Amino acid sequence: MIMKKKWPLWEVFVRSKNGLEHRHFGSLRAADADMALENARDVYTRRSEGVSIWVVASKNITASNPENNGELFEPAQDKVYRHPTFYTLPDEVKHM
Amino acid sequence: MEKENLVQYIYGIADNALILGQRLSELCGHGPNLETDIACTNIALDLLGQTRSYYQLAAQLSGENVTEDDIAFLRTERQYRNVLLVEQPNTHFGFVITRQFFYDVFHVLLLQELQNSENETLSAIAKKAIKEVSYHQRFSSDWIKRLGDGTEISRQKVQEAVNDLWKFTDELFHLTEDDKNMLENGVGVDVSLLKEKYYQRINEILEEATLEVPELKWFRKGGKEGIHSEHMGYLLSDLQYMQRTYPNMKW
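These protein sequence lines map, in sequence, to chains A and B. For the first sequence, this note's numbering begins at 1 and goes up steadily by one. For the second sequence, this note's numbering begins at 1001 and goes up steadily by one.
I should point out that these hints are in silico values taken from the structure, not numbers from a laboratory. Treat the numbers as computed from the prediction; the structure is a model and nothing was measured. Be aware that one or more of the hints could be misleading.
[What the hints assert, rightly or not] Just a sample of chain A residues kept apart from chain B, beta carbon distances all over 10 Å, derived:
1) Trp7
2) Leu20
3) Asn39
4) Val43
5) Ala57
6) Asn60
7) Leu72
8) Tyr87
[What the hints assert, rightly or not] One-sided excerpt, in silico: chain B residues whose CB lies under 7 Å from chain A:
9) Glu1035
10) Ile1038
11) Asn1042
12) Ala1044
From the three backbone atoms N, C-alpha and C, an ideal C-beta is built for every residue, glycine too.
Take these sequences, add in the hints, and give me the full structure.
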């Protein structure tokens, strides 16, 4: 069946474990927020991937324009000194 | 308590899940959109999973050489104990949702009581399944409201399904001889006592969906005694095809 009017698009964020942040899992179509949440449950968490779901209408997301990638991101590429890689970390600090 | 009564009683619960699961499986890849397709298939898989637990118990009771597959695939039409409601065809999405809704509301009430069964395995299956089934009820109730309170066409279609399937709801509360026997033994649920609560919930949701509650005094039954509607034979010929064509085949 071809839907004449397509439902709006929603972005789905899933928290996979307590203590972790919600991560973007993908997108789906739904008529409203409630349906988006139920659809997200079925589409993205049916193999027990999550403990919490956020959905947000895709139209509410302001995205950077790929055309501007040059000025936005390239200047950072030759500035390795901005990474904290010049320090030796003690072994006791496991994750940094 | 005879073992055979218990086996028949288990069929009376499990066959509903199998046949409804089979009906939903027919939709796999044919849902109105990807998200709803996955949702319906998920429900089908939940139901088939529950069916397996019940059939494994029935197979254990039936003797060494009986497996869950024999029970699912090698019985004749008259030996299936499911209600007429669950074997009704998919017709259109309004029917799929209404059939699901009519069964889900009953299913939740049934499992709530089955948790108290003196048969530990049945009680454990009920405890596990009730979470899945509560979600099914939520899904189908939501869709009833969306379709009923949706567009003119969606409302007309879902009302058609409600009117058409209503005559199958009363059978859910019919007590067979096996039901009565299991009730006396503390194993079974008195489904006749669930009726009031059932129609109360159904009417609430239909009202919220701005749908009319049919005023029907004539109901159909027979499935629980093995007397099925004409749709059942076609359904079983699909369901049993592989085992009938290639006996004893395994995945």
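Item to check | 10 Å cut-off, C-beta based - Asn60/A kept clear of every residue in chain B | outcome: Given that every Cβ of chain B is farther than 10 Å from that of Asn60/A, nearest at about 19 Å, it holds.
Item to check | Hinted contact Ile1038/B with chain A - closest CB pair below 7 Å | outcome: holds, 5 Å
Item to check | Closest CB of chain B to the CB of Val43/A still more than 10 Å away | outcome: Violated, since 5 Å does not exceed 10 Å.
Item to check | No chain B beta carbon within 10 Å of Trp7/A's | outcome: Per Cβ check, Trp7/A is inside 10 Å of chain B; nearest 7 Å; violated.
Item to check | Outside-interface status for Ala57/A - nearest CB in chain B farther than 10 Å | outcome: At about 15 Å from chain B, Ala57/A clears the 10 Å cut-off, so the statement holds.
Next on the checklist: Confirm or reject: Leu20/A is not an interface residue toward chain B, with every Cβ-Cβ distance exceeding 10 Å.
Outcome noted: holds, 23 Å
Checklist entry - Any CB of chain A closer than 7 Å to the CB of Ala1044/B? => result At 12 Å from the nearest chain A Cβ, Ala1044/B fails the 7 Å test, so the hint is violated.
Next on the checklist: Just want to verify: Asn39/A was marked as not at the interface with chain B; is every Cβ pair farther apart than 10 Å?
Outcome noted: Non-interface label fails for Asn39/A: nearest chain B Cβ at 4 Å, not farther than 10 Å.
Checklist entry - Was the hint right that Asn1042/B lines chain A, CB cutoff 7 Å? => result Because about 5 Å separates Asn1042/B from the closest Cβ in chain A, which is inside the 7 Å limit, the hint holds.
Next on the checklist: Would the non-interface assignment of Tyr87/A survive a Cβ cutoff of 10 Å against chain B?
Outcome noted: holds, 48 Å
Checklist entry - Leu72/A clear of chain B by more than 10 Å, beta carbon to beta carbon? => result holds, 33 Å
Item to check | Given hint Glu1035/B near chain A, where the shortest CB pair must fall under 7 Å | outcome: holds, 4 Å
The structure fails to meet hints 1, 3, 4, 12 from the earlier list, while all remaining hints are met.
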